[in-house]
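Protein chains in written order, with our numbering: chain Y, 377 to 1009; chain W, 2 to 76.
By construction, these hints were calculated from the structure, which means they are not laboratory data.
As a list, the in silico DMTMM-like pairs of lysine to aspartate or glutamate whose alpha-carbon atoms are at most 20 Å apart:
| hint | chain 1 | residue 1 | chain 2 | residue 2 |
| --- | --- | --- | --- | --- |
| 1 | Y | Lys973 | Y | Asp944 |
| 2 | W | Lys68 | Y | Asp841 |
| 3 | Y | Lys509 | Y | Glu521 |
| 4 | W | Lys56 | Y | Asp841 |
| 5 | Y | Lys759 | Y | Asp748 |
| 6 | W | Lys33 | Y | Asp843 |
| 7 | Y | Lys873 | Y | Asp985 |
| 8 | W | Lys68 | Y | Asp961 |
| 9 | W | Lys56 | Y | Asp954 |
| 10 | W | Lys15 | Y | Asp841 |
The following label-pair restraints were derived from C-beta to C-beta distances:
| hint | chain 1 | residue 1 | chain 2 | residue 2 | range |
| --- | --- | --- | --- | --- | --- |
| 11 | W | Lys63 | Y | Leu963 | 21 to 29 Å |
| 12 | Y | Glu646 | W | Tyr59 | 18 to 26 Å |
| 13 | Y | Asp777 | W | Val7 | 47 to 55 Å |
| 14 | W | Thr62 | Y | Lys603 | 41 to 49 Å |
| 15 | Y | Asn967 | W | Asn19 | 33 to 41 Å |
| 16 | W | Ile20 | Y | Glu750 | 46 to 54 Å |
| 17 | Y | Glu676 | W | Val7 | 27 to 35 Å |
Glycine included, C-beta positions come from ideal geometry on N, C-alpha and C.
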Amino acid sequence: MSYGYTGNILHVDLSSKKHWIEHPEENFYRTYWGGKALALYYMLKEMKPHTDPLSPDNLLIFAPSVITGAPAPAIPRYTVCAKSPLTGGQGEAEAGGWWGPELKKASFDAIIIKGSSPTPVYLYIKDGKVEIKDATHLWGKDTGETQRIIKKELADDRIRIAQIGPAGENLVRFANIVNELKHFNGRNGLGAVMGSKKLKAIAVRGTKPIELYNKERVSQATKEITKRVMDNPLSRDLRELGTPAVVRGFYEAGCLPSYNWTTGYFKEGENLTAETYNKTILKETKGCFACPIRCKRAVEVNEPGLKVDPSYGGPEYETIASLGSLCGISDLKYIAKANELCNKYTMDTISTGMVIAFAMQCYEEGILTKEDTEGIELTFGNKEAVLKMIEKIAHREGLGDLLSQGSYLAAQKIGKGAEKFIHQVKGQEIPMHDPRLKTGVGLQYALSDYGADHMKAAHDPFFKDKDSVGIKEMKGLGILEPVSPTDTGEKKVTLFKLLDIYWTVFDILGVCDFGYVPRSVGTMEELLGIICATTGWRTTWFELMKLGERSINMARIFNYREGFTSKDDTLPEVFYKDFKGGPLDGLRAINKEDFQKALRLRYQLMGWDPDTGIPTPAKLIELGLDWLIDEVK
Amino acid sequence: MKINIVLEGYLKYKYPSNILELNYSKPVTVYKILEDAKVSSADVFFIKVGDLIVKEDYLLTKSNEVKLFPIIGGG
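Input sequences plus hints: build the corresponding full structure.
Below, the structure written as structure tokens:
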């Protein structure tokens, strides 16, 4: 009898239209647990190096974890993995919502998809039964329309649907996957992989609750955490203001990414704050499966010529900055519209904002002309131009076709010095947190196997003081002393080695960082208790940290096979320069030499070769990955 | 001199009021006013005095408004 997991992994071959179910042993689950660790097992075993990401040979894997579906706070997430068409390396993205728990209730721990259908299809999974259904009538439709039609034709309004919109169909390299219209596997272009397989959607419905080893213990932990969430100031801030709460601090400090990262000073920042958001566009707050925090927003605009449908949620902080200040836009209503369009078409809002801001700078520098833009005045601050460019990118028209390849490839094709204006790591555009103020985040940007990502570790400020949450609550990991957010020394490197692994465990298990320390009130002991009570496994944080480390090493080897080297572990040049303008003018450049030393030390702490960053055979043996030793010889 | 401490973000939920007023007869560091106001520096990421971002050792020599911004994580 298994608890937490179903014991069923669904394999689907879209080329042959066949599917089968694998029943792995308990030790398999106890080694890989779900999420990216499980996905990477199949990617390393079954995918040949140098597979074209948009070919039928790429695997597309949807993986919740052994605890997904347990009715405990902030564990709603699931992972999608594939080789990324944006980076050419390991691609992954996690999403909240309800889809992951529903897949578990429908009797599957993961779906491994290979091949490609000649015509559009969608998967329908209900209580262990699987159908591959025609989706010709859905191809070309936006996400809202697709969801409405599928629910109607399956005559079940409680079906949960993960799907792509036209951007995924059109193979935009930063297309994403959405469930319930507003929860995204956002980054790495995994929607394009889904589009290349002609897979429009996966509709799931499960009526069987997850079997828990100790239901009472899960319930008790849920009650205790929920009570504290309701009382906690940080959780209240998330509930009342959502992630846009961070805008004010960044804007007032002068580190809100603006005008394609040429400055952090955005003088109209007040227009973008969460307080303005709540007054002008917020309709209601939303949440994910079994979560008491409810940080999600739904926005509505009803003005002549500008309407925004709340079904598509509302802009998060990342979107406000990337489609707002980064493009010189200070009108939240237009940012809400840009967000809605990206969500209808399934495009990552960070990369979308970044490629448009890049094109705007190229236009202002004379590298792109009105002829290139087909008459669009692509200047910073032109909000109509942003909406037009989103349409062009999603449908791959004109300049939009070029930008749909991501800023790295676009800059190479444009030439004329355009490369100076891109800000990316491993081909993925950087998120909206400036590492000059949080150097640990910078280390994670550089080291992330799936390109720059702000969700690759907890952020530095939670460890800045002896009374910080991270220091008080995470001593069990050996985190005992505070470190300055801007430090790049040995203590910072050691801290972020641990945080990278800890966060990787969160990602694998589908845990939302807004639910547990250091970002929230759930303790490490409570999370461990929920894991034990769900699975019946008497696990420890030692075992969990080894799981995280195992997954990081598997990703490292996947990328090594694809040709990545330590030269790809970089930061954009802009962060080695001081801030320009605003309160931080002339301050805070990261020292490049110190940063290089930090990276080298990190390799050593991970048990990797300090020059190449490749895992050593001994490290692989320690982690039970001896089957990968031949890959590093 | 009068120092108005303005608590931003979630700090305003954590302390009884979002504006705290303190009076001093001589120059005082930000560190001291945080201590007097019983605001934990663990909660504070940015400190802004006028248009400047300052550290806790910054010396306030005249009446001023000190804005405190909380720690900011991912999102």
